[in-house]
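Based on the sequences and whatever the hints tell you, model everything.
Just so you know, we're using the working numbering here: the sequence shown kicks off at 3 and counts up by one.
In short, the hints are calculated from the structure, not lab data.
Quick caveat, the model's predicted, so the values are computed rather than measured.
Taking CB as the label site, the calculated pair distances span: (1) SER88 <-> ASP109: 14 to 20 Å; (2) HIS35 <-> ASP60: 16 to 22 Å; (3) HIS35 <-> GLY58: 16 to 22 Å; (4) GLU57 <-> LEU104: 27 to 33 Å; (5) LEU38 <-> ASP60: 22 to 28 Å; (6) GLY112 <-> ARG40: 37 to 43 Å; (7) ARG39 <-> ALA74: 19 to 25 Å; (8) THR102 <-> GLU62: 39 to 45 Å.
Virtual Cβ for every residue (Gly too), placed ideally from N, Cα, C.
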Amino acid sequence: MDIDPEITTANGFHIENVPTRFVSGFTRWIEEHADLRRPDAAVLIEMCGYLARTEGLDEEALHIVAGLTGAAPQEIVRIYRRDNTSWAETQAVLDAQGLTNLDEHLDGIGRWG
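Below, the structure is given as structure tokens:
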């Protein structure tokens, strides 16, 4: 397939199939505290953020995050567990039957904005 060089993301046409990045509160925390000059930082951050959300971090992943951020393993565990708890609470609200809970949740977000 020939691609017209005039069609780019800059002019609003996106033709590549680019995977969606996994982003959570914990991945944002790592990004804020990490040495982003490492060539593998972006991949490691996304991988550790995803693992923290889906499986929890094992010793190796904790070591990776500690190396990126300089944070102690206990702090890392506390932060990712807090993020997971917050996410689970939000999911419970959004998954509840009926739109009343969703409406209340959106009203709460509106009050913070």
